Amino acid sequence: MSEKKVVVITGVSRGLGRAMMTEFAASGHVVAGCSRSEKSLAEIRAKLGTPHLFSALDVCDLKRVESWAAEVSQKVGVPDLVVNNAALINRSAPLWELSGEEFSDVIDVNIKGVFNVIHAFLPAMLRKEKGVIVNFSSGWGRSTSPEVAPYCATKWAIEGLTQALAQELPDGLAAVPLNPGIIDTEMLRSCFGDGADSYPKPEAWAKRAVPFLLSLNAGHNGQSLSVPGAALD
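Start counting the sequence shown at 125; every next residue gets the next number (the working numbering).
Hints were generated in silico from the structure; no laboratory data involved. You can take every hint at face value.
Computed cross-link-like contacts, DSSO-like style, restricted to lysine-lysine with a CA-CA straight-line distance of at most 30 Å:
{"no.": "1", "residue 1": "LYS236", "residue 2": "LYS325"}
{"no.": "2", "residue 1": "LYS199", "residue 2": "LYS128"}
{"no.": "3", "residue 1": "LYS254", "residue 2": "LYS128"}
{"no.": "4", "residue 1": "LYS128", "residue 2": "LYS325"}
{"no.": "5", "residue 1": "LYS252", "residue 2": "LYS236"}
{"no.": "6", "residue 1": "LYS128", "residue 2": "LYS163"}
All figures in this text were calculated on a predicted structure; none of them were measured in a lab.
Given the sequences, and given the hints that come with them, work out the whole structure.
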């Protein structure tokens with residue numbers, strides 16, 4: 125096993141977040157995860173136990189995220205890897221048919237939530253002079269499709285935000301926008317329906333993605349990457 129790392133993951137209650145959490149923990153690393161679902165987190169705590177730390181919070185709440193970051197640093201240590209995974213997708217519809225509230229919900233989680241996590245965790249990583257921040261982008265952060273305009277907008281924003289952040293970081297740290305590929309998740313099924321069956325399940329994807337995430341280092345700073353071997357179109 126590689127050196128034990130402290131890994132922070134947002135959105136661990138389902139999909140890619142849960143699959144990554146399980147794989148990181150099985151590989152001997154310490155996971156600090158968050159979700160809005162206390163019920164799901166209770167099940168996760170019962171399964172994984174210590175030294176892992178799981179907290180119920182909304183990434184849109186900066187004060188709560190800051191409190192979580194302080195708790196993580198105190199109880200399990202400053203993270204070596206932060207994975208901003210939590211995201212929402214809008215219901216499939218032309219942009220003009222979506223409400224302002226629907227648009228704001230996607231913006232708040234997918235952009236502001238990422239900012240909040242970076243804002244809360246990065247200062248301690250800067251003091252440590254080491255660490256990697258991975259912000260999940262998407263194929264729809266590098267191309268577009270109809271009826272997912274708000275989601276596309278947020279993932280294009282993640283590409284720009286992350287690469288600009290990378291230009292600001294000192295030596296020893298990295299920020300990477302990562303396209304995870306196309307995976308059979310609840311989010312994908314909202315767009316693809318039964319067509320999602322032809323893509324890998326999160327658990328199979330995590331077997332490939334987690335070693336790749338662990339391999340990232342300061343030399344990858346600012347690179348727009350994709351999980352090797354993942355379905356990209």
